Amino acid sequence: MFHGKVIDASKQSISLDEAKKFITSEQCGASLFFIGTVRNHNNNKKVTGITYDSHDAIVEKSFKEIYEEAIHKLTIDHPSVYIEHAKGYLGLGGISIIIAVAAKHRSQVYELSRYIIEEIKKRTPIWKKEHYNDHQSDWLKGNPVHDLSK
Amino acid sequence: MFHGKVIDASKQSISLDEAKKFITSEQCGASLFFIGTVRNHNNNKKVTGITYDSHDAIVEKSFKEIYEEAIHKLTIDHPSVYIEHAKGYLGLGGISIIIAVAAKHRSQVYELSRYIIEEIKKRTPIWKKEHYNDHQSDWLKGNPVHDLSK
Amino acid sequence: MKIKIELFGAARDFSKQDYLELTVPEPTSIKEVRENLMDFIQAKYPENKNYLEIVKRSAFANEHNEIVQDHYQLSANSKLCIIPPVGGG
Amino acid sequence: MKIKIELFGAARDFSKQDYLELTVPEPTSIKEVRENLMDFIQAKYPENKNYLEIVKRSAFANEHNEIVQDHYQLSANSKLCIIPPVGGG
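Chains as they are written, first to last, in our numbering: chain Y, 1 to 150; chain C, 151 to 300; chain W, 301 to 389; chain X, 390 to 478.
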């Protein structure tokens, strides 16, 4: 079971309960929910919020690819995965991402969840612009998807 | 921040939302919620439910000790931990345990959460009696807390 | 002297009550309690090797909720808990 | 011929609109688009080394949402997206 989606923060918010409902199964003994939230400090600056930019179509495609890779590479019984990432403006504490996974055993949910978040960070086209208390803002440096400058 | 408690399943249920409220902080960028649930098969038997037995006082003491050990051994910024374990009877899908942790960075929540669940399995005095569809039931084999037979 | 052992987990099957009372020499240690308990089990459930195994692999906790070792000394009216191999989660 | 490049992330600062239009020789490749875009940036923002760096480190995606490599050939009215270094989560 798989669900992967970009959520427009101005219209909707990411819900832990929805994720739980989606992944719940009587075949699974373990569930793991990773949540990323906007925190109030980064690189010694006071953060007031983050604007997330997204290439929605490629983001949703990459979620699916990462899920399929993960269940191919790892040994997971009855995997169930729910991924959502926000786009638009989020204030402090706002939920930017949820990765909810269920599987038969606990070691499987830890491996699966970690694999997914690390791959998303590496290659899913989402960008963060941090807003600071001095009214400045900055696009954060990221990881080149394909380093074509080589 | 720490909360650790045994929950009487006949009176209360473990709540993901309560855990989220407790650990939420604007200093933290990552939260991780591990949930254990009763699944419908174990060792090729059809399971209908599990009765959890607990030495409440030692369980709660061990949760605190494990938390303190973890934040001493691992490097965690702004750790927040919420642990609850059910006792009594749970049907299929019932939540037996929640370990919710928040910290500054994602690697920290994965390490912290995993450390806690593995230690609980090793040494927290909780026992499971599985009930099967043939009306039989069995106490599951566990880990000796101190192997004094050596 | 008498001591009381509160039962947990698989050890609950040792009695219909949630504790056992054993009569042990004074003074006594956890090691002797374990031996005494094994004699009791062997007398009451001569067929049940599994129960003996549980006692062998169990720890004991005192009134202060501390796991106590073999050499730990007990006084009259001591209360213990038997802590069979654990497995929560 | 003209091609359209949709802007994302830090590359949004290249224009007040959410895309750029470049005139490129026909046929052309991603490699040439990148060079062309760098010339454009250098002309429009001569002081801004950071913008050039972003273009160097960016990938490009085609209309089919595929990341395309340097040798990928474009036809007239091709649409591309510039994909600067990513960092969600």
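Don't read these hints as lab results, they were simulated from the structure.
Predicted model only: the values in this text are computed from it and were never measured.
Check the hints yourself; a few may be wrong.
What the hints assert, rightly or not - Lysine-lysine pairs mimicking DSS-like chemistry, simulated, CA-CA at most 25 Å apart: (1) X/K420 x Y/K122; (2) Y/K129 x X/K438; (3) Y/K64 x X/K468; (4) C/K254 x Y/K46; (5) C/K161 x Y/K20; (6) W/K349 x C/K279; (7) Y/K104 x C/K196; (8) Y/K61 x X/K438; (9) Y/K129 x X/K391; (10) C/K155 x W/K379; (11) Y/K46 x C/K272; (12) C/K254 x Y/K104; (13) C/K211 x Y/K21; (14) W/K379 x C/K211; (15) W/K349 x C/K195; (16) Y/K104 x C/K291; (17) X/K433 x Y/K141; (18) C/K279 x Y/K104.
Hint check:
1. At most 25 Å may separate the alpha-carbon atoms for a hinted pair to count; X/K420 and Y/K122 meet this at roughly 23 Å.
2. Under the criterion of a C-alpha separation no larger than 25 Å, the hint pairing Y/K129 with X/K438 is consistent with the structure, at around 19 Å.
3. At most 25 Å may separate the alpha-carbon atoms for a hinted pair to count; Y/K64 and X/K468 meet this at roughly 24 Å.
4. Between C/K254 and Y/K46 the alpha-carbon distance is near 14 Å, which keeps this suggested pair within the 25 Å criterion.
5. Restraint check: the Cα-Cα separation between C/K161 and Y/K20 comes to about 22 Å, which is no more than 25 Å; the hinted pair holds.
6. Taken as a hint, the W/K349 and C/K279 pair is honoured in the structure, with Cα atoms around 19 Å apart against an allowance of 25 Å.
7. Taking the CA atoms of Y/K104 and C/K196, the gap is about 14 Å. The hint holds against a cut of 25 Å.
8. Between Y/K61 and X/K438 the alpha-carbon distance is near 32 Å, which puts this suggested pair outside the 25 Å criterion.
9. Taking the CA atoms of Y/K129 and X/K391, the gap is about 30 Å. The hint is violated against a cut of 25 Å.
10. Restraint check for C/K155 and W/K379: the C-alpha separation of about 24 Å stays at or below 25 Å, so the hint holds.
11. At most 25 Å may separate the alpha-carbon atoms for a hinted pair to count; Y/K46 and C/K272 exceed this at roughly 41 Å.
12. Taking the CA atoms of C/K254 and Y/K104, the gap is about 29 Å. The hint is violated against a cut of 25 Å.
13. For the proposed pair C/K211 and Y/K21, the alpha carbon gap of about 32 Å is over 25 Å, so the pair is violated.
14. Distance check on the hinted pair: W/K379 and C/K211 sit about 19 Å apart at the alpha-carbon level, within 25 Å; holds.
15. With a CA separation close to 23 Å, the supplied pair W/K349 and C/K195 stays within the 25 Å bound.
16. Only pairs whose Cα atoms come within 25 Å are accepted, and Y/K104 paired with C/K291 is accepted, the gap being roughly 19 Å.
17. At most 25 Å may separate the alpha-carbon atoms for a hinted pair to count; X/K433 and Y/K141 meet this at roughly 22 Å.
18. Only pairs whose Cα atoms come within 25 Å are accepted, and C/K279 paired with Y/K104 is accepted, the gap being roughly 19 Å.
Hints 8, 9, 11, 12, 13 from the list above are not met by this structure, while the remaining hints are.
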